[in-house]
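Number of protein chains: 2
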Amino acid sequence: MRNIKLCIISVGNDEQSKIYMKLKKKKCEELGIECEIISFDENISKDIIIKKIDELNSNRSVTGIIVQLPLPNNYDAQEILDSVDEKKDVDGFTTNNLGRLLIGKPLIIPATPRGIMQILEDNKIELEGKHSVIIGRSNIVGKPIALLLLQKNCTVTICHSKTKDLAYFTRQADILVSSVGKKNLITKDMVKEGAVVIDVGKDIDYENVKPKCSFITPPFGSVGKMTIQSLIKNLEDFKHEDSFSYYE
Amino acid sequence: MRNIKLCIISVGNDEQSKIYMKLKKKKCEELGIECEIISFDENISKDIIIKKIDELNSNRSVTGIIVQLPLPNNYDAQEILDSVDEKKDVDGFTTNNLGRLLIGKPLIIPATPRGIMQILEDNKIELEGKHSVIIGRSNIVGKPIALLLLQKNCTVTICHSKTKDLAYFTRQADILVSSVGKKNLITKDMVKEGAVVIDVGKDIDYENVKPKCSFITPPFGSVGKMTIQSLIKNLEDFKHEDSFSYYE
Numbered sequence: 001m002r003n004i005k006l007c008i009i010s011v012g013n014d015e016q017s018k019i020y021m022k023l024k025k026k027k028c029e030e031l032g033i034e035c036e037i038i039s040f041d042e043n044i045s046k047d048i049i050i051k052k053i054d055e056l057n058s059n060r061s062v063t064g065i066i067v068q069l070p071l072p073n074n075y076d077a078q079e080i081l082d083s084v085d086e087k088k089d090v091d092g093f094t095t096n097n098l099g100r101l102l103i104g105k106p107l108i109i110p111a112t113p114r115g116i117m118q119i120l121e122d123n124k125i126e127l128e129g130k131h132s133v134i135i136g137r138s139n140i141v142g143k144p145i146a147l148l149l150l151q152k153n154c155t156v157t158i159c160h161s162k163t164k165d166l167a168y169f170t171r172q173a174d175i176l177v178s179s180v181g182k183k184n185l186i187t188k189d190m191v192k193e194g195a196v197v198i199d200v201g202k203d204i205d206y207e208n209v210k211p212k213c214s215f216i217t218p219p220f221g222s223v224g225k226m227t228i229q230s231l232i233k234n235l236e237d238f239k240h241e242d243s244f245s246y247y248e
Numbered sequence: 001m002r003n004i005k006l007c008i009i010s011v012g013n014d015e016q017s018k019i020y021m022k023l024k025k026k027k028c029e030e031l032g033i034e035c036e037i038i039s040f041d042e043n044i045s046k047d048i049i050i051k052k053i054d055e056l057n058s059n060r061s062v063t064g065i066i067v068q069l070p071l072p073n074n075y076d077a078q079e080i081l082d083s084v085d086e087k088k089d090v091d092g093f094t095t096n097n098l099g100r101l102l103i104g105k106p107l108i109i110p111a112t113p114r115g116i117m118q119i120l121e122d123n124k125i126e127l128e129g130k131h132s133v134i135i136g137r138s139n140i141v142g143k144p145i146a147l148l149l150l151q152k153n154c155t156v157t158i159c160h161s162k163t164k165d166l167a168y169f170t171r172q173a174d175i176l177v178s179s180v181g182k183k184n185l186i187t188k189d190m191v192k193e194g195a196v197v198i199d200v201g202k203d204i205d206y207e208n209v210k211p212k213c214s215f216i217t218p219p220f221g222s223v224g225k226m227t228i229q230s231l232i233k234n235l236e237d238f239k240h241e242d243s244f245s246y247y248e
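Chains as they are written, first to last, in the numbering used here: chain A, 1 to 248; chain B, 1 to 248.
Note: identical chains are not told apart, hence a pair may lie in one copy or across any two.
Quick list of in silico lysine-lysine cross-link-like pairs, PhoX-like style, CA-CA up to 25 Å:
| hint | residue 1 | residue 2 |
| --- | --- | --- |
| 1 | K105 | K51 |
| 2 | K87 | K52 |
| 3 | K162 | K105 |
| 4 | K124 | K164 |
No lab work stands behind these hints: they were computed from the structure.
Between the sequences and the hints, there should be enough to build the whole structure, so can you do that?
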């Protein structure tokens, strides 16, 4: 074991969440990282969840804490996320860590956006002055990736469910990042010749769009794989942060 | 007096800052709000500034604290801003308050963006589904106004100094917000017929652009005036916040 321990707080019975949590646990264990899933019933009081998180915050053996999203609708998710110590917040979803991202001095970058930036870097995709179009404005993917691409000197457009004539915007994209979760939302005619396409939400009509792209991520295995790798990097970054008083 | 007191921390001798501070003080006094400007030499240690801010944080008679920007280059401005209690942060520039803005649950909205949203509202400008183009990506104007317009269901594009072919983007704007600080950056040919134009940086060739616009703010007196009004509203909001323990 490597003195890294991840705890995942799970509330309720969302089937997709269970799959993601298993994937995280499996990946951690492959790498010799301890991973504990702490499960609560979906009607547990928020105070009990927050009390548990407080315990994990002060437990020196725990270096990373994830609150698995989505939480059932009866909770204020941000309130629970914000109870995680920002230096164990390996997802980067606390208000303060998102604020640091906004001001361009992140302590941690949420795993999916970090994974996307890694894919762009690994594939030597030039960003400066390029027009990036992001579809989706979530706090955990859309807004963070917009901020990161902005910091890399892209001109950035953010589209969403209320955007009129989505194709008008997507056709302008040098770099298109789609994080909606709607199969075949993006068809061949909506993509510019030579575009770079990152499919977070499995939104792209891959077979037909691919021939137009200079680079495209396949719907399975690419962004998801990079997200898990980024989560592991986040765990390792927090482990190695020397300034944390509780590792003295 | 109205039990509202603003303290403004001033470091160094920036002439423009002095003008802004005087304006704020004058406006406060007109409204019966106490306003104290606390000045430091430009080489004072950051610890002394932060110690002063700590004192103001715990002083019950002080309800709002501003660190006048820009600070001289030898300071980490964000570190000093972040020493302000988030419930006295009437500028809304602390990391945590900017994080709240990102997640769409602001405690406070920075004065200039709040003023812009007020101008749009007062003039009944429809936002949903409109394409807003923001020029400038500062943490205190560009990024906050982008997030606020996004929350009002605009499609939002953020341009900046590295944007290639700025006119290509500005010509698409239903709503154009320019916050660069470069006279006549935006000329007539760069604006769409019928656009709404908000001139934060005095960037617009006003006389020539005006005839094309359905609405435009003049370079003087509009956004600036609304910014001061929004600052006063922020001061009043913090005064009236019942949940603050130090007003018990």
